[in-house]
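Peer 1: These are the residues of each chain, in order.
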Amino acid sequence: MTYETDEEKVEALKKWWKENGLSVVGGVVLGLGAIYGWRLWTGHQESVAAQASSAFEQLATNASAGSPQPDAIAKQLQLLESEFGSTPYPGLGALMAAKAMYQAGKTSEATAALQKAISDAPDPALARIAALRLARIQLAEGELDAAEKTVREHDISAAFAGEFAAVRGDIAAKRGDLSAARAAYEEAIEKGSALSQLLRLKIDNLPAAG
Amino acid sequence: MLQTIRDRAQGWIAWVIVILISIPFALWGIQSYLGVGGEPIAATVNGVELPARELDRRVQQARTELRQRLGAAYDPAEIDDKALRDEVLEDMIRETLLLDEVRRLGLRVSNQDVQIQILLDPAFQKDGRFDKETYERLLQYQGMSPAMYEAQLRQRLAAGQLARAISASALATSDELEQYQRLIGQQRELSYSTLALSDYQTDASVDDAEITAFYEANSDSFRSPEQVKLDYLLLDSTDLAAATEVTEEDLRNVYAAEQARFAQPERREVRHILLKVPEDAEQSDVDAVAEKIKGIRERILAGESFDALAKEVSEDPGSASKGGSLGMIESGIMVPAFDQVAFAAEPGKLSEPVRTQFGYHLIEVTKVVPAQIKPFEEVEDELRAGAAKQGADRLYYDLGERLANISYESSDSLEPAAEELGLSIQHSDWIGRDGGGDGILAQPKVIAAAFSDDVLGQGLNSDLIEPERDRLQAIVLRVAEHREASVKPLAEVRDEIVAQIKQQRAKEAAKTAAESLAEQLRQSKEWATVDPELEITSPGLVGRNAPEVPRGVLDVAFKLAAPSDGSISVGTATLDNGDAAVVRLSRVQDGEVKPSEDGRPATEVYILTQLMGRQLSDDMLQDMESRADIERMNMGGEDGL
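So the protein sequences, as listed, match chains A and B. Residue numbers for the first sequence follow our numbering, beginning at 1 and rising by one. Residue numbers for the second sequence follow our numbering, beginning at 1 and rising by one.
Note that these hints are calculated values from the structure, not bench results. Cβ atoms here follow ideal geometry from the backbone N, Cα and C, with glycine treated the same way. Any given hint could turn out to be false.
[What the hints assert, rightly or not] BS3-like mimics (lysine-lysine), calculated; alpha carbons at most 30 angstroms apart, straight line:
(1) B/Lys82 to B/Lys445
(2) A/Lys191 to B/Lys82
(3) B/Lys559 to A/Lys191
(4) B/Lys594 to B/Lys559
(5) B/Lys594 to A/Lys106
(6) B/Lys445 to A/Lys174
(7) B/Lys594 to A/Lys174
(8) B/Lys502 to B/Lys488
[What the hints assert, rightly or not] Just some of the chain A residues that point at chain B, by a computed CB distance under 7 angstroms:
(9) Leu95
(10) Ala140
(11) Glu143
(12) Phe160
(13) Ile203
[Claimed, not checked] Label pairs and their in silico Cβ distance ranges:
(14) A/Pro207 to B/Tyr606: 28 to 34 angstroms
(15) A/Leu144 to B/Asp121: 46 to 52 angstroms
(16) A/Arg39 to B/Asp453: 56 to 62 angstroms
(17) B/Gln115 to A/Arg39: 51 to 57 angstroms
(18) B/Arg182 to A/Leu144: 30 to 36 angstroms
(19) A/Asp177 to B/Lys82: 43 to 49 angstroms
(20) B/Gly143 to A/Gln51: 32 to 38 angstroms
(21) B/Trp15 to A/Gln51: 29 to 35 angstroms
(22) B/Gln152 to A/Gly31: 31 to 37 angstroms
(23) A/Gly37 to B/Asn111: 21 to 27 angstroms
(24) A/Trp41 to B/Trp15: 31 to 37 angstroms
(25) A/Leu144 to B/Glu508: 55 to 61 angstroms
(26) A/Gln51 to B/Tyr606: 30 to 36 angstroms
Let the hints inform the model, and build the full structure from the sequences given.
Peer 2: Given below as structure tokens:
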């Protein structure tokens with residue numbers, strides 16, 4: 001299109017504005033609204049996460065105390081779950097709570113918390129850590145099949161292979177399968193278990209007919 | 001004409017031009033987003049880039065820390081740059097990964113917690129309280145704004161929260177604790193008999209074939225290391241000082257110029273008698289003391305001895321016993337009121353009472369030594385040493401610079417430098433990478449230079465090396481002779497081999513004897529029935545670390561299968577000194593199980609949970625690493641250090 005004079009151009013602009021002005025203004029308002037809304041939303045999320053973090057810290061402090069109060073901790077864990085389910089903190093809180101419960105002699109509450117830590121885990125690594133602890137408690141309670149199942153389901157990462165192998169060794173030793181126990185302990189040491197020195201002692205202490 | 005431009009500007013040509021011009025504007029700076037030609041990157045972790053510059057900085061920092069930790073033992077040549085760099089890079093990757101994971105998970109620390117952390121950081125405190133100025137200044141040093149620092153701290157705190165959630169929630173099951181206590185505290189009842197190596201040594205000759213075979217099988221242990229002989233020019237300011245001639249005329253000039261240094265002010269020998277006046281004394285008391293001192297003055301003037309009176313009445317504990325004598329003093333040593341009188345009075349004339357802050361004094365000057373200047377002869381040696389040192393230092397820097405230049409310019413010989421500077425080339429003996437030289441040649445920097453690529457590989461002169469910064473000593477060296485690491489010839493090590501073979505044979509014989517003894521013991525169960533002559537050691541029930549039992553015996557005893565009731569287990573051991581031993585295990589007693597002490601969990605719980613907690617944190621990072629998208633750029637290891 002070509003325009004002969006400036007007047008014509010102004011006319012054309014005016015006409016265009018009449019046709020499209022409303023959409024332009026609407027678009028701008030919508031855009032600004034979206035930006036503002038987004039910031040409001042992220043701000044809200046930030047503050048929820050910060051509150052969840054504080055609530056978790058309280059639970060952690062309680063759980064690390066010399067003699068933890070199981071009831072208070074259960075309540076705090078429940079609060080994390082109901083109020084801050086969208087954050088990673090219920091998963092972490094369940095890990096802490098499980099330790100406190102077990103220390104206080106509440107084994108079934110501890111295993112329940114660990115089950116929850118597995119299902120709520122914000123990261124697969126945390127699920128594996130929880131599973132490892134669950135299997136060990138099951139083992140200590142004599143639930144060998146359950147422990148074995150837990151290990152089988154979660155021993156899927158090379159990083160935790162050493163720890164899981166050590167548990168498998170303990171299960172086998174409890175069942176009296178000495179050669180399997182020996183093999184599992186050896187595997188655990190090779191894959192860098194935390195307690196390799198203790199595992200050596202365990203191997204040495206296995207009855208000779210291995 | 002303007003109208004034509006206007007008309008044309010409406011056409012399509014104008015649009016083409018406008019579009020062409022706008023392309024560079026639109027794309028300007030885009031390379032920093034695409035990473036093309038931007039800053040070099042050491043690695044990316046889940047899309048987060050780790051700049052190579054940051055890696056360089058951290059490697060440098062790690063090296064500094066290493067140097068501080070090792071102190072004099074620090075040897076740059078010993079540090080594997082590549083390994084250090086890789087290690088630092090892995091640390092950075094793991095750190096970045098953890099921070100990224102924390103962000104992805106949505107871990108978050110409240111403003112309040114960040115604030116508390118900052119307020120409590122001792123680095124930001126002044127006089128035990130948080131100081132905003134210090135805080136801002138410290139951050140500025142690191143090129144950070146408070147907002148940046150707080151964001152970083154927030155991330156770090158969140159990462160700490162994750163690590164803590166894992167390690168603090170570690171638990172030890174009752175089963176594990178029990179087993180641990182049983183095993184760690186386990187005791188075993190044992191007795192053993194040692195067979196001394198010396199009893200199995202024989203004079204049987206060793207034949208040549210055996211020696212050759214041993215030599216070939218163990219050639220590594222007969223290696224002599226790579227060595228060099230060095231030629232070097234040494235510049236030492238101590239030597240230069242000794243050789244520096246200083247004329248008497250020069251010294252006299254210095255003496256004249258620095259007259260003030262040798263001036264000795266007037267000194268006076270002074271004695272006094274003091275009567276003290278307490279600081280808070282009433283006026284009447286002061287007057288009484290004044291009267292009293294006047295009386296003493298009268299007595300001296302009347303002919304009594306100053307000396308005796310000082311001993312009798314002076315209240316200055318330091319001088320009273322010496323008849324009031326203060327010895328030689330210079331002006332300015334005493335309090336002003338005393339000083340004024342002491343340096344104005346005529347010798348031998350007793351002063352009027354003088355009031356000072358201590359009380360009332362009577363002062364007498366007994367001798368005056370007038371101001372004087374130390375004669376040249378007295379200070380000549382001092383001046384000469386100083387001048388020589390100064391000259392030597394100047395000469396050292398001058399020669400050092402020329403030495404560096406000449407030896408660099410004619411880098412294939414030390415002769416030109418030696419001739420030009422009047423130094424003589426010195427020769428070293430064989431020196432290895434682990435030292436062997438003495439004096440300056442033992443310095444790590446010197447050895448590193450001797451084995452450097454330029455000097456050893458290309459046969460050039462080294463740079464000018466000053467191994468100790470505060471000692472004016474410099475060296476330029478080149479390799480005169482080089483000998484590769486080599487295996488010593490058989491003839492040289494023959495005797496050593498014979499001795500080793502004999503030792504080995506004796507060991508084997510002792511072990512065989514021990515084994516047959518063990519077999520007999522298994523049959524007969526009791527030492528006495530095997531051989532009543534045997535010397536038996538019976539420490540009884542011992543723990544894993546019993547100090548009285550040799551390590552080798554303990555290791556075997558705690559590995560033997562636990563015997564069933566009434567039976568025994570037998571094993572053989574080789575001790576550190578080569579002796580063999582037969583070990584008899586009769587009983588295993590597990591450690592005591594104590595789930596708790598005074599209501600608190602047993603110590604072992606903490607040991608176990610700490611070990612497991614730490615390991616799990618590591619495992620978690622490793623697990624995350626295996627799932628992460630990590631790319632390490634292959635860099636030629638730019639090493640501008």
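Peer 1: Does each hint fit the structure? Answer for all of them.
Peer 2: How the hints compare with the structure:
Simply put, B/Lys82 and B/Lys445 have alpha-carbon atoms about 20 angstroms apart, close enough for the 30 angstroms limit, and the pair holds. Simply put, A/Lys191 and B/Lys82 have alpha-carbon atoms about 26 angstroms apart, close enough for the 30 angstroms limit, and the pair holds. This hinted pair checks out: B/Lys559 and A/Lys191 have alpha carbons roughly 22 angstroms apart, not beyond 30 angstroms. Note on B/Lys594 and B/Lys559: the hinted pairing holds, with a Cα-Cα distance of about 25 angstroms set against a maximum of 30 angstroms.
For the proposed pair B/Lys594 and A/Lys106, the alpha carbon gap of about 19 angstroms is at most 30 angstroms, so the pair holds. Between B/Lys445 and A/Lys174 the CA atoms are separated by roughly 61 angstroms; this puts the pair beyond 30 angstroms, and the hint is violated. Distance check on the hinted pair: B/Lys594 and A/Lys174 sit about 21 angstroms apart at the alpha-carbon level, within 30 angstroms; holds. Of the pairs offered as hints, the one joining B/Lys502 and B/Lys488 holds, with about 21 angstroms between alpha carbons and a cut-off of 30 angstroms not exceeded.
Here the hint on A/Leu95 is kept, as its CB sits about 4 angstroms from the closest CB of chain B, short of 7 angstroms. The criterion of a C-beta within 7 angstroms of any C-beta in chain B is met by A/Ala140, whose closest approach is roughly 4 angstroms, and the hint holds. A cut of 7 angstroms between beta carbons decides the hint on A/Glu143: the least distance to chain B is about 12 angstroms, and the hint is violated. The restraint placing A/Phe160 at the interface with chain B holds, with a minimum CB-CB distance near 5 angstroms, inside the 7 angstroms limit.
Look at A/Ile203: its Cβ only gets to about 9 angstroms from chain B, farther than 7 angstroms, so that hint breaks. For A/Pro207 and B/Tyr606, the Cβ-Cβ distance of about 30 angstroms falls inside the hinted range of 28 to 34 angstroms, so the restraint holds. For the hinted restraint 46 to 52 angstroms between A/Leu144 and B/Asp121, the CB-CB distance of approximately 50 angstroms keeps it satisfied. For A/Arg39 paired with B/Asp453, a C-beta distance near 59 angstroms keeps the hint of 56 to 62 angstroms intact.
At roughly 23 angstroms, the beta carbons of B/Gln115 and A/Arg39 sit outside the given window of 51 to 57 angstroms. Roughly 20 angstroms separates the CB atoms of B/Arg182 and A/Leu144, a value that falls outside the hinted 30 to 36 angstroms. For A/Asp177 paired with B/Lys82, a C-beta distance near 47 angstroms keeps the hint of 43 to 49 angstroms intact. For the pair B/Gly143 and A/Gln51, the beta carbons lie near 33 angstroms from each other, so the given range of 32 to 38 angstroms is met.
Restraint check, B/Trp15 to A/Gln51: a C-beta distance of roughly 57 angstroms breaks the suggested window 29 to 35 angstroms. For the pair B/Gln152 and A/Gly31, the supplied restraint of 31 to 37 angstroms holds, since their beta-carbon distance comes to about 32 angstroms. Between A/Gly37 and B/Asn111 the beta carbon distance is about 23 angstroms. The supplied range of 21 to 27 angstroms therefore holds. At about 42 angstroms, the beta-carbon gap between A/Trp41 and B/Trp15 misses the expected band of 31 to 37 angstroms.
Checking the proposed 55 to 61 angstroms range against A/Leu144 and B/Glu508 shows it is violated: the Cβ atoms sit about 47 angstroms from each other. Against the hinted window of 30 to 36 angstroms, the Cβ-Cβ separation of A/Gln51 and B/Tyr606 comes to about 32 angstroms, which satisfies the hint.
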